[in-house]
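With the hints as a guide, bring both chains together as one complex.
Keeping their order, the protein sequence lines are chains A and B. Start counting the first sequence at 1; every next residue gets the next number (this note's numbering). Start counting the second sequence at 486; every next residue gets the next number (this note's numbering).
Bear in mind the hints are in silico, worked out from the structure with no lab data behind them. Mixed in with the good hints, there may be bad ones.
Derived Cβ-Cβ restraints for the label pairs, each shown as a range [claimed, not checked]:
#1 A/259 x B/512: 39 to 47 Å
#2 A/48 x B/694: 20 to 28 Å
#3 B/560 x A/284: 30 to 38 Å
#4 A/28 x B/513: 33 to 41 Å
#5 A/55 x B/705: 43 to 51 Å
#6 A/462 x B/560: 28 to 36 Å
#7 A/43 x B/701: 54 to 62 Å
#8 A/428 x B/597: 49 to 57 Å
#9 A/284 x B/582: 53 to 61 Å
#10 B/556 x A/155: 46 to 54 Å
#11 A/202 x B/628: 51 to 59 Å
#12 B/609 x A/284: 26 to 34 Å
Okay, the calculated bits of chain B under chain A, using three or more residues with CB under 8 Å as the criterion [claimed, not checked]:
#13 494-506
#14 717-726
Over 12 Å on every C-beta distance to chain B, these chain A residues come out as not near it, computed from the model [unchecked claim]:
#15 29
#16 39
#17 64
#18 102
#19 186
#20 190
#21 197
#22 326
#23 332
#24 356
If you're wondering where the values come from, they're calculated on a predicted model, not measured in any experiment. The beta carbon of each residue, even a glycine, is placed where N, CA and C say it ideally should be.
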Amino acid sequence: MKLRNAFPLLVFVLVALLSVSLAAAQDIPEGIDAAWWSNAAQPYAGTTLRGVSESTPPSNYVRDVLAPMFTAMTGINVELETTSWDQMYDKAIRDMEAGTGIYDFVYIEQDIIYGYLANNYLVNLTEALADMPELAAPGFSFDDFTTFIDYFKDAEGNVFGIPMEAFIKVYLYRTDLFNDPDIAAAFEAEYGYPLAPATTHEQYRQIAEFFTQYAAANGMQMWGTTVQAVSGHPASFYEFFESVVPTFGVYNWGINMENWKATVENGGAMNSDAAKAALEWWVGNLTFAPPEATSSTWDEVAASFAAGRAAQGLVYGENAAWIATDPTRSQVVGSVGVALPPLAEGVLEAAEAGEGYIGYYDGGAFGLPVSSRNMEAALLWLQFVGLPEIQADWAAAASRIVMDSTYDTPQVMAADEATNGYYTLMREQGYLFAGAPPFPFHPQLREVVAPFIYEAIAGTLSPAEALDRAAAAADAELARLGYGS
Amino acid sequence: MRRNRVGWLLLSPTLIILFLVGIVPFIYVLYVGFFEWNLFSSDRAMNFVGVNNYRRLVFDERFLDALWVTIRFTFFAVISQLVIGFFLAQSLLKNFPGKVLFRIVHTLPLMIAPISIGAIWRLLTIPGFGPIPFLLQNWFNIDYNIGRNADQAFLTIILMDIWHWTPFVTLTLLAGLSALPAEPREAAMVDGANSWQIFRYVTLPLMRPIILTVLFIRIMDALRTVDEINMLSNGGGPGTATRTLGIHIFRVVFPQTDYGYGSAMSLLTLYFTIVICWLLFVSLTQLRGSRGNDGGER
Chain A
1 MKLRNAFPLL VFVLVALLSV SLAAAQDIPE GIDAAWWSNA AQPYAGTTLR
51 GVSESTPPSN YVRDVLAPMF TAMTGINVEL ETTSWDQMYD KAIRDMEAGT
101 GIYDFVYIEQ DIIYGYLANN YLVNLTEALA DMPELAAPGF SFDDFTTFID
151 YFKDAEGNVF GIPMEAFIKV YLYRTDLFND PDIAAAFEAE YGYPLAPATT
201 HEQYRQIAEF FTQYAAANGM QMWGTTVQAV SGHPASFYEF FESVVPTFGV
251 YNWGINMENW KATVENGGAM NSDAAKAALE WWVGNLTFAP PEATSSTWDE
301 VAASFAAGRA AQGLVYGENA AWIATDPTRS QVVGSVGVAL PPLAEGVLEA
351 AEAGEGYIGY YDGGAFGLPV SSRNMEAALL WLQFVGLPEI QADWAAAASR
401 IVMDSTYDTP QVMAADEATN GYYTLMREQG YLFAGAPPFP FHPQLREVVA
451 PFIYEAIAGT LSPAEALDRA AAAADAELAR LGYGS
Chain B
486 MRRNRVGWLL LSPTLIILFL VGIVPFIYVL YVGFFEWNLF SSDRAMNFVG
536 VNNYRRLVFD ERFLDALWVT IRFTFFAVIS QLVIGFFLAQ SLLKNFPGKV
586 LFRIVHTLPL MIAPISIGAI WRLLTIPGFG PIPFLLQNWF NIDYNIGRNA
636 DQAFLTIILM DIWHWTPFVT LTLLAGLSAL PAEPREAAMV DGANSWQIFR
686 YVTLPLMRPI ILTVLFIRIM DALRTVDEIN MLSNGGGPGT ATRTLGIHIF
736 RVVFPQTDYG YGSAMSLLTL YFTIVICWLL FVSLTQLRGS RGNDGGER
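One chain only, chain B, in its complex shape (with noise of 0.2 Å):
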C-alpha cells in the first residue's frame, strides 16, 4: 500500500502535465465545439447549439472536399513511401559503394523543418524561376505551374511528402530487416525457394509488427500534415486542389475565427484518424490471422 502511495507520488507530476497539457484542451475543444462561436459575427457570444456544428459537417462542401484531399494524399503518399522504403532498406543490407554516403545523403531531409521543406519545395517548383518548372519545359516541353494546374500540384505535395518522409520508414524498417533471424530465410533456402519466395513467404510475414507501426505512425502523421503543404501551395492552392483537413481547419479557426465549428472539425479529424488506424490494425491483424492458416496448410 505505501509502495503504491510513492508510486502515484513519483508518477504524479508527469499524470499533472499530461492532464494539463493533454487532458484539459480536448475537454475544452470537446466543449466548445457545441458552441456556435464567432468573434465578428453580429452576436460574438457563445450560443449553445448542441450537436448542429457537427452536423453542418456532413453538408459542408468546403469541408468534404478537405477530406477527400487528405485521403488521397495519405493514401498515395505513405503506400508510396512504404514500398520506396522497403526497396532501400532491402538495398542497404547489401554492400555497395557509396553505401556510408548515400545513407546520410538519404536522411538528410528528415532533420529538417516541415515549414523548410515546404520552402525547399516553393523554390524548386516556382513557375517561371524554380528549376523544376524551367527543367520540364526545356527537356520535356512541358508546362508545369503548380499554382495553376490542380493535378500537378497534388502530386508535387505527394512527391515532397515522400522525399520528406521516405527516410523515417527506410531507418526504420531497416532496423527491422537488421534484426530478423537469419534461420528461417536459410531453412526456406535449404528448401529451395527462391528470393520473391524468402520475400513472400518469411521476410515479409515476419516484419509485419513493424511495418504495421510504420504504417499507423506515417498514416497519423500525414492526416494532420499542415505546414509544408500550406507553405508550398500557398494555403492549399490552386483552387482547394492541396486544402488537406489540417490546412482547412486552420483557416477556419484563425482567418475565419470560427471557434465552434472548428473545434467540431478538429475532433471529427480526430476520430476519424483513430477510425482509419483501428480498421487498419482490424484489417491487418485478420490478415495476418488468414494467411497463417494458409501458412498452415501450405
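If we strip away everything but chain A, and leave its shape as in the complex, we get (with noise of 0.2 Å):
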C-alpha cells in the first residue's frame, strides 16, 4: 500500500532527474574546451548571473538556448531577463547609477554606449582581462569580431561590451508579388518602367501605392508599405532619423556635431529642406500603409509585414530569418527579397565614399556593471557569449553576426539562400550603414525631439512646422545640457 502511494513520486523523482540530466548532457559546439570552463568556474559554481535586456529574437535565444548551454557547462546559473526596450533602459540605468549590482550583465545597445560610458557604468572588458589572465577564454578574442565591436571602445581602444547582435534595416519586398507577370505588366503599363525595389523614394511611393489600390481592387488585406510610425513611442523617432532622413543625406539627426546645434540657422540639418522632405515623404507614406502603421513599433511592423499586410517595407534584420523561414509564424515563408533601402541623389556616392551612410546598422553587445557582485563569473559569461563557435546557429536563428567567420559556416550559407541574400547584403554592403552618432546625450534629446514627429503623425503639425520646432527644441536643450551653449 505505502509502496502505491510512493509510485508517483517516484515517478516524479526519475523524471525530474532525467530532465536534469538531459539539460546537462545539452551538446556544445565542437571546439570549445569544455574542461577548461569547468576548471575556470569552478570557483563560481553555483552563483546566478542576472542580465536584463529588450525582447528580441538574438536575446531570446541567449535566455533559451545559451544560458542553459553555459550553466550545463560550468555550473554557473544565467537568469536573462527579457523585456520591452523602454523597460529595459529603465532597470539597467536604474540599477547602474544606484549601484544595487541587481545585474551582473546588461544589453548595451549601440546608441546608448557613449552615455554609458560617460557615466562609467561598464567595466573596461581590455583591463579586466589582462588582469585575470586565469580567466582568459581558449577561443575567445576581442579581434574576431567585425568592425562593429568599434562602437564600444573608448579613444583608448578599450573594450566596454561584448557585441551579441548586429543587424542592418533593410528594405524588404514579397518576392511572389514583385515576380508576378500579371502584377509586372499591371505596374509598367501604369507607370511606364519595370516593377522591381526601389531605388528612388518616387518609385517606393508609386509602388506602395500600386500594390495598395491592387489589394483593393482585388479584396486583399495588404498595403503598399509598412512604416514604423506609432504615434507616442520612439520607435517613429528612430525610423525617421535612422533609417528614413540618411537616405535624403541628413546624417547624424541634423546635428552638427562641431557646434551642437540642430538648427539650419546655426549650421545643423535637422530642419533643412532635405530633412522636411523626408518627413513629407515618410508620413505620405502612411497612405499606403497598413491601418496599425501608427501603432507599431519595430515589432509590429516585422509582425505585419510577416503576416503579409505589405508589400514592402524597412525592416530591422534581426527579423529577417524569422519572417523568411518560420512558418509557424511567417505568412511569406520563401517570399521574401531583400534590397538597399531608396536613396536619394547622391547619397550612396557619399555612402561608399564613407561621407555619409544609407540606413541604420543596429546592434547591441553585453556589458559587465561595475556594480556587479559576481564580476569574475560573468567575465566568464561574457567570453562564452563571444566565442566564435557559438555564432552560426545563433546568427542562422536570429539574423545577426557579430564576427567575420560567421559568414561562411554551413548554416549562415543556407539562411542567407532562404532570406534571398540578407546576409551576403550585409557582408558586402554593410559599410554603407551606420550606428547611432556618438552623442552622449542620446535619450535626453530624443524625449524632446520625438514629441514633434509625434504630431506629424498625427496631423497636428506639417512636417515643415514639426521639423522648425523640433530644432529649436534641440538646440535649447543641447545648450541647457552643456553642449555648444
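Below, the structure is given as C-alpha cells:
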C-alpha cells in the first residue's frame, strides 16, 4: 500500500532527474574546451548571474539556448530578463546609477554606449581580462569581431561590451508579388517602368500606391508599405532619424557635431529642406500603409510584414530570418527579398566615399556593470557569448552577425539562401550603413524631439513646422545640457 | 502622562513607517526640485538653481499641454462617472430581473489592474485588428484610428476610464442611497412632490457628503492616471493628445533622466491637485450654505 502511494512520487523524481541530466548533457559545440570552462568556473559554480535585455530574437536565443548551455558546462546559472525596450533601459540605468548590483550583465544598445561610458557605468573588459589572465578563455578574442566592436571601445581602444547582435535595417519586399508577371505588367502599364525594388523615393511611393490599389481591387488585406509610425513611442523617432532621413542625405539626426546645433540657422540640418522632404515623404507613406502603422513599433512592423499585410517595407534585419523561414510565425515564408533602401541622388556615392550612410546598422553588446557583485563569473559568461563556436546557429536563428567568420558557416549560408541574400547584403554592403551618432545625450535629446515627430504623424503639425520646432527645441535642450551653449 | 507615553509608544512603529515612506521621499523630492540634475548632461553634478525649475515650468509648452490634457480628461471622465454612477445606483435600488448578475458584471472592471485595463482596451481598439475599429468601419463607415486621430484617442481614454471606474462610483453611491433615512422622502411624497422634486430637493442634498467624497477620490485618481493610458496610447499619443501629467513626468524623470525638473513637476502637480480639491470643497460647501438658505425660504 505504502509502495503504491510512493509510486507517483518515484516517477516524478525519476522524470525530474532525467530532465536535469538531459539539460546537463546539452550539446556543447565542437571546438569549445569544456574542461577549461568547467575548471575556470569551479569557484563560481552555483552563482546566479542576472541580466536584462530587450525581448528580441537574438536575446531570446541567449535566454533559451546559450544560458542553459553555459550552465551545463560551468554550473553558473544565468537568468536573462527579456523585456520591452524602454523597460530594459529604465531597469539597467537605475540599477547602474544606484549601484544596487541587481544585474551582472546588461544589454548595451549601440546608441546608448556613449552615455554609459560618460557615466562610468561599465567595466573595462580589456583591462579586466589583462588583470585576471586565469579567466581569459581559450578561443575568445576581441579580434574575431567585425568592426562593429569599435562602437564599444573608448578612445584608447579598450572594449566595454561584447557584441551580441548586429544587423542592418533593410528594405524587404515580397518576391511573390514583385515576380508575378501579371502584376509586373500591370505596374509597367501604369507607371511606365518595370516593377523592381525601388531605388528612389518616388519609385517606392509609386510601388506602395500600386500595391495598395491592387490589394483593394482584389479584396486582399494588404497595403503598399510598412511604416514604423507609432505616434507616441520613440520607435517612430528612430525610423525617421536613423533609417529615413539619412536616405535623403541628412546624417547624425541633423545635428552639427562641431557646435552641437540642430537648426539650419546655427549650422545644423534637422530642419533643412532635405529633412523636411524626408518627413513629408515618410508621413505621406501612411496613406499606403496598414491601419496599424500608427501603432507599430519595430516588432509590429515585422509582424505586419510577416502576416502578408505589406508588399514592402523597412524592417530590422534581426527579423529577416524568421520572416523568411518560420512558417509557424510568418505567412510569407520563401517570398521575402532584400535590397538597399531607396535613396536620394548622391547619397549612395557619399556613403561609398565614407562621407555619409544610407541607413541604420543596429546592434548591441553585453556589458558588465561596475556594480555587479559577480564580476568574475560574469566575465566568463560574456566571453562565452563571444566564442566563435556558438555564433553560427545563433546567426541563423536570429539574423545577427558579429564575426566575419560566421558568414562562411553552413548554417548562415543556408539562411542566406532562404532570405534571398540578407546575409550577403550585410556582408558586402553593411559598410554603407552606420550606427547611431556618438551622442552622450542620446535619450535626453530624443525625448525632446520625438513629440514633434509624433505630432507630424498625427497631423497636428505639418512636417515642415514639426521639424522647425523640433530643431529649435533641440538647440535649447543641447545648450541646457551643456553642449554648444 | 504614563498613558500618553504608552500611546505614543504603540503608535511609534506606524509613525516611523509613515515618516520613512511618506515624509522623507517628499522632502527629498522637494530638495531635488531646487537642482539642475541630469545624468547625461555634460556636467552630471547636482547644481543648485533655486526656483528656476519652477520658473521653467511656467513657460514649458509640453508641460502646459500635459496639464491641459489632464484637466480635460479629469473633468469629462469624472463628471461622466458621477452621472452614470448615480443613475445606475438609483436603478440598483429597485428590483429587476438579472439585477444580481448585472451587479457582478458591472463590478468586474474594478478588480482588474489598470495596466491590464489598458492592455484590454488596446486590443479592442488597435487599428487594423481590434474589433472596435472593425465594427465602426463596417457598420457606420467610421474610420476609427486612435494611432492617428487625436480626438478619437482622447475620447477613447475617457471611455476607458469611465468603464473602469464607474462601478466604484455606483457602489459608493448605492451604499449611500441605501443608508438614507426614508422619512424625508415619505414626507415629501405626502406633501405631493413628484419624483424629480424628491430627487432634486431631498435625495441630492442628503447625498451631498457622499458625492463630495466620491468626487474627491475620483479627481485625485484621475489627475494621476498613468498606466492604463500609457498602455492604451503607447505613451500618450497620437502626438501628445493623451499625454497626461503622469505620463509626461514619467518620461521626463526616467527616459530623460531630468531629475531636478521632474521633481519640480511632481511637486507642482501635487500642489495643483490640492488646490483643485480645495477649490471644489470650498465651492461645494458654499453652495450647500446658499442652498440651505434657499431651502429655508421655501
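Do the hints match the structure? See the list:
For the pair residue 259 of chain A and residue 512 of chain B, the supplied restraint of 39 to 47 Å holds, since their beta-carbon distance comes to about 41 Å. For residue 48 of chain A and residue 694 of chain B, the Cβ-Cβ distance of about 55 Å falls outside the hinted range of 20 to 28 Å, so the restraint is violated. The beta-carbon spacing between residue 560 of chain B and residue 284 of chain A, approximately 36 Å, falls within the hinted interval of 30 to 38 Å. Look at residue 28 of chain A against residue 513 of chain B: about 50 Å separates their beta carbons, and that is not inside 33 to 41 Å.
Distance hint check for residue 55 of chain A and residue 705 of chain B: the Cβ-Cβ separation is about 35 Å, which falls outside the suggested range of 43 to 51 Å. For residue 462 of chain A and residue 560 of chain B, the Cβ-Cβ distance of about 30 Å falls inside the hinted range of 28 to 36 Å, so the restraint holds. For the hinted restraint 54 to 62 Å between residue 43 of chain A and residue 701 of chain B, the CB-CB distance of approximately 60 Å keeps it satisfied. Taken as a hint, the range 49 to 57 Å holds for the pair residue 428 of chain A and residue 597 of chain B, whose Cβ atoms sit roughly 52 Å apart.
Take residue 284 of chain A and residue 582 of chain B: their Cβ atoms lie about 55 Å apart, and the range 53 to 61 Å holds. Between residue 556 of chain B and residue 155 of chain A the beta carbons are some 50 Å apart, a value that agrees with the proposed interval 46 to 54 Å. For the hinted restraint 51 to 59 Å between residue 202 of chain A and residue 628 of chain B, the CB-CB distance of approximately 27 Å leaves it violated. The given range of 26 to 34 Å is respected by residue 609 of chain B and residue 284 of chain A, whose C-beta atoms sit roughly 29 Å from each other.
Using a Cβ-Cβ cut-off of 8 Å, 0 residues of the stretch 494-506 of chain B lie near chain A, which falls short of the minimum of three, so the contact claim is violated. With 9 residues carrying a beta carbon less than 8 Å from a beta carbon of chain A, the stretch 717-726 of chain B meets the three-residue requirement, and the given coverage holds. With a minimum CB-CB distance of about 39 Å to chain B, residue 29 of chain A clears the 12 Å threshold, and the non-interface call stands. Even its closest Cβ contact with chain B, about 40 Å, leaves residue 39 of chain A beyond 12 Å, as expected for a residue assigned away from the interface.
The beta carbon of residue 64 of chain A is kept farther than 12 Å from every beta carbon of chain B, the shortest such distance being approximately 24 Å. With a minimum CB-CB distance of about 16 Å to chain B, residue 102 of chain A clears the 12 Å threshold, and the non-interface call stands. For residue 186 of chain A, the shortest C-beta to C-beta distance to chain B comes to about 25 Å, beyond the 12 Å cut-off, and the non-interface label holds. The Cβ of residue 190 of chain A lies farther than 12 Å from every Cβ of chain B, with a closest approach of about 26 Å, so its non-interface assignment holds.
Here residue 197 of chain A stays apart from chain B, with its beta-carbon at least about 25 Å from theirs, past the 12 Å limit. The Cβ of residue 326 of chain A sits about 20 Å from the closest Cβ of chain B, beyond the 12 Å cut-off, so the non-interface label holds. The Cβ of residue 332 of chain A lies farther than 12 Å from every Cβ of chain B, with a closest approach of about 17 Å, so its non-interface assignment holds. The non-interface label for residue 356 of chain A is consistent with chain B: the shortest C-beta to C-beta separation is roughly 26 Å, beyond 12 Å.
Hints 2, 4, 5, 11 and 13 from the earlier list are contradicted by this structure; the remaining hints agree with it.
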